[in-house]
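Undergrad: Taking the hints into account, I'd like the entire structure generated from these sequences.
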Amino acid sequence: MSGHEQFAEDLALHALGTLQGDERARLEAHLESCAGCREELSALRGDMAALAMSTAGPKPPQRSRQRLLDAIANEPRLPAAVPGRRSRFNWWAALGWAAAVAMLVVVIQLRRENYFLRESVVNLGALTTPQTLELANAQRVVDTLTAPETQTVTLAASKNPEPQGKAFYLKNRSGLVFVANHLAPLPPDKIYELWLIPSSGAPIPAGLFKPDAKGNATVVNPPGLPAGVEAKTFAVTLESASGPHDAPRGTGVMQGAA
Amino acid sequence: MSSTDLKATSPDTALISAIRAGDQTAMAVLYDRYSSVVYSVALRVLGETSAAEDVLQDVFLQLWRNPGAFDASRGHLGAWLAVISRNRAIDALRKRKPESDIEDVVLSVAPDLVSEADRSRVAAKVRAALVMMPAPQRTALEMAYYEGLTHTEIAAKTGEPLGTIKTRIRAGLIALRKAFQE
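If you read the sequences in order, they're chains A and B. Each residue of the first sequence is one higher than the one before, starting from 30 at the first, in this note's numbering. Each residue of the second sequence is one higher than the one before, starting from 6 at the first, in this note's numbering.
It should be emphasised that the hints constitute simulated quantities derived from the structure, not laboratory data. Quick caveat, the model's predicted, so the values are computed rather than measured. Even for Gly, the Cβ is constructed at its ideal location relative to N, Cα and C. Some hints here could point you the wrong way.
Stated by the list, open to error - In the SDA-like style, the derived pairs of lysine to any residue whose C-alpha atoms are separated by at most 25 Å in a straight line are:
| id | chain 1 | residue 1 | chain 2 | residue 2 |
| --- | --- | --- | --- | --- |
| 1 | A | 195 | A | 88 |
| 2 | A | 88 | B | 70 |
| 3 | A | 219 | B | 14 |
What the hints assert, rightly or not - From chain B, some residues computed to sit far from chain A (all C-beta separations above 10 Å):
| id | residue |
| --- | --- |
| 4 | 19 |
| 5 | 76 |
| 6 | 91 |
| 7 | 97 |
| 8 | 120 |
| 9 | 122 |
| 10 | 140 |
| 11 | 142 |
| 12 | 162 |
| 13 | 164 |
| 14 | 165 |
TA: See below:
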C-alpha cells in the first residue's frame with residue numbers, strides 16, 4: 030500500500046466505482062493532493078484489469094466486427110492533427126517560415142494563455158477530471174512551445190520543392206509539437222512518420238501523419254513517447270501506410286539535429 | 006507476409022498512432038487482438054449477448070473517436086480496455102449514464118501483458134487465486150465487480166457488517182495482485 034492506510038478500503042471501492050456520497054467526495058478531495066493514494070488507485074485498477082482479463086467467455090460474433098468497421102467507416106477523421114489545435118497552427122504555416130515575427134506573436138500569445146491556464150487551474154479546482162486532463166494537455170503544449178529548455182529543431186530536405194519541419198521538444202515531459210509544410214502529396218498506400226532518434230538506442234516512433242491539400246501537417250504530443258529521452262535528431266520518413274511503423278524502413282524525407 | 010499479417014505483429018503503440026492518423030485497418034487489428042476480453046467481461050456482467058455486443062461496440066468506438074485518451078502511461082492497452090468494458094457494462098446493468106470518462110482510467114499492471122502467452126499465464130494465476138480465496142471474500146469481490154453493488158448493498162444482501170464487506174473487497178483485490186505478481 031503506497032497510499033494512506035485510512036483510505037485503503039475506500040480506494041478499493043472507488044476503483045470498482047461503487048463508492049458513493051460523502052465517502053467518495055472525501056476520497057476524491059484527498060486524491061487531488063496525494064500522489065501515493067493515486068498510485069495505489071492505479072494499482073487497484075490494475076488488479077481489476079487482471080480480474081477482467083481472467084474472465085473466460087466466448088468470442089464475440091463475427092457480425093460485431095463488421096458492425097464496428099461499418100461504424101468507423103462512417104466516422105472518417107482527418108489524420109494526425111488534433112481538432113482545434115490544427116486550426117491554431119494553420120495560419121502560421123501559411124505565413125511561411127520566413128515569418129519569424131509571427132512565431133514571436135504566437136509565443137507571446139501562448140505565454141498569456143499559459144498565464145490564464147495557470148489561473149484557471151488554481152481557481153477552478155472543482156473542474157471535472159476530463160476538463161482537468163484537457164487543461165493539462167494544453168498546458169503541456171504551451172510548456173513545450175515556451176519553456177526555455179525546449180529544443181527547437183528545424184528539419185530541411187535537400188531537393189526542391191523543399192519540405193520543411195519544425196520540432197518543439199520538451200524531453201522531461203515527453204512534449205513534442207511538430208509542424209511541417211511544403212510536404213509532397215502522399216503516394217497511394219504511403220504515410221509520413223516522424224522519428225525521435227535518441228543519443229543512444231533505436232529510433233522512437235513519434236507519430237504518423239498526412240499533409241493537407243496545401244502540404245501542411247502537425248503532430249501534437251504523440252502517444253507512447255517516453256519521457257526524458259535525449260534527442261540527437263528528428264527525422265521524417267515515408268513509410269508504407271499499412272506498416273509496420275515501429276522502426277524506419279522507408280525513405281528519408283527530412284531530418285534535423287537537435 | 007501480407008500487410009494484414011504485418012499489422013498483426015505491430016505493437017499497440019504503433020497501432021494507436023495509426024488510428025490517430027485515421028487508419029481503419031489498425032483499428033481492425035486492435036479489435037482482433039482485444040475484442041475477446043472486452044466482450045467476455047461485458048457478457049459476464051450483463052449475461053446477455055446483445056447487450057454485451059453493445060458494450061463491445063461502444064468501447065472500441067470510444068477508442069476510435071478519442072485514441073488520444075490512451076497513452077502508455079495509462080497502462081497496458083488490453084488491460085485498459087478490459088477495465089473500461091467492465092465499467093461500461095456495470096453502467097448498462099445499473100441503467101445509468103457512464104459515470105467516468107475513458108480518460109479518467111489510469112491503471113498500473115505489474116505483470117508483463119504484452120504477449121498472448123503472458124496474458125494467458127496471468128489469467129490462469131488469477132483464476133487459481135479466485136478458487137483458493139475464502140468463499141465470503143470471493144463472493145463480496147464478485148458482487149462488487151460483476152454486479153456493481155456497493156458495500157452497503159452487499160452488506161444488506163449477505164447480512165454481514167459494512168466494515169467486513171469493505172475489508173473483504175480490498176483483501177480480494179490485493180490477493181489477486183499477489184497472485185499475478187508471483
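Undergrad: Compute the least Cβ-Cβ separation between residue 120 of chain B and chain A, then decide whether it is above 10 Å.
TA: 13 Å, holds
Undergrad: Evaluate the condition: distance from the CB of residue 165 of chain B to the nearest CB of chain A exceeds 10 Å.
TA: Label holds. Min Cβ-Cβ 14 Å, cutoff 10 Å.
Undergrad: Grab the minimum beta-carbon distance between residue 91 of chain B and chain A and tell me whether it stays above 10 Å.
TA: 5 Å, violated
Undergrad: Could you grab the alpha-carbon distance between residue 88 of chain A and residue 70 of chain B and see if it respects the 25 Å cut-off?
TA: Roughly 24 Å between the alpha carbons, so the hint for residue 88 of chain A and residue 70 of chain B holds.
Undergrad: Is the nearest CB of chain A more than 10 Å from the CB of residue 164 of chain B?
TA: 19 Å, holds
Undergrad: Quick one: work out the minimum CB distance from residue 76 of chain B to chain A and report holds if it exceeds 10 Å, violated otherwise.
TA: Label violated. Min Cβ-Cβ 4 Å, cutoff 10 Å.
Undergrad: Would you assess whether residue 97 of chain B, listed as outside the interface, keeps its beta-carbon beyond 10 Å of every beta-carbon in chain A?
TA: Residue 97 of chain B is indeed farther than 10 Å from all Cβ atoms of chain A, at 13 Å.
Undergrad: Quick check for students: does the CB of residue 142 of chain B sit more than 10 Å from each CB in chain A?
TA: Holds: least Cβ distance 12 Å, greater than 10 Å.
Undergrad: For the pair supplied as a hint, residue 195 of chain A and residue 88 of chain A, confirm whether the alpha-carbon distance does not exceed 25 Å.
TA: 46 Å, violated
Undergrad: Tell me if the straight-line CA distance from residue 219 of chain A to residue 14 of chain B falls inside 25 Å.
TA: Distance ~19 Å between residue 219 of chain A and residue 14 of chain B Cα, so the pair holds.
Undergrad: Say whether it holds or is violated: residue 162 of chain B keeps its Cβ farther than 10 Å from all Cβ of chain A.
TA: 13 Å, holds
Undergrad: Please confirm whether residue 140 of chain B is truly not at the interface, meaning its C-beta sits more than 10 Å away from all C-beta atoms of chain A.
TA: With a cut-off of 10 Å, residue 140 of chain B remains clear of chain A, as the shortest Cβ separation is near 17 Å.
Violated hints, listed in ascending order, are 1, 4, 5 and 6; each of the other numbered hints is respected by the structure.
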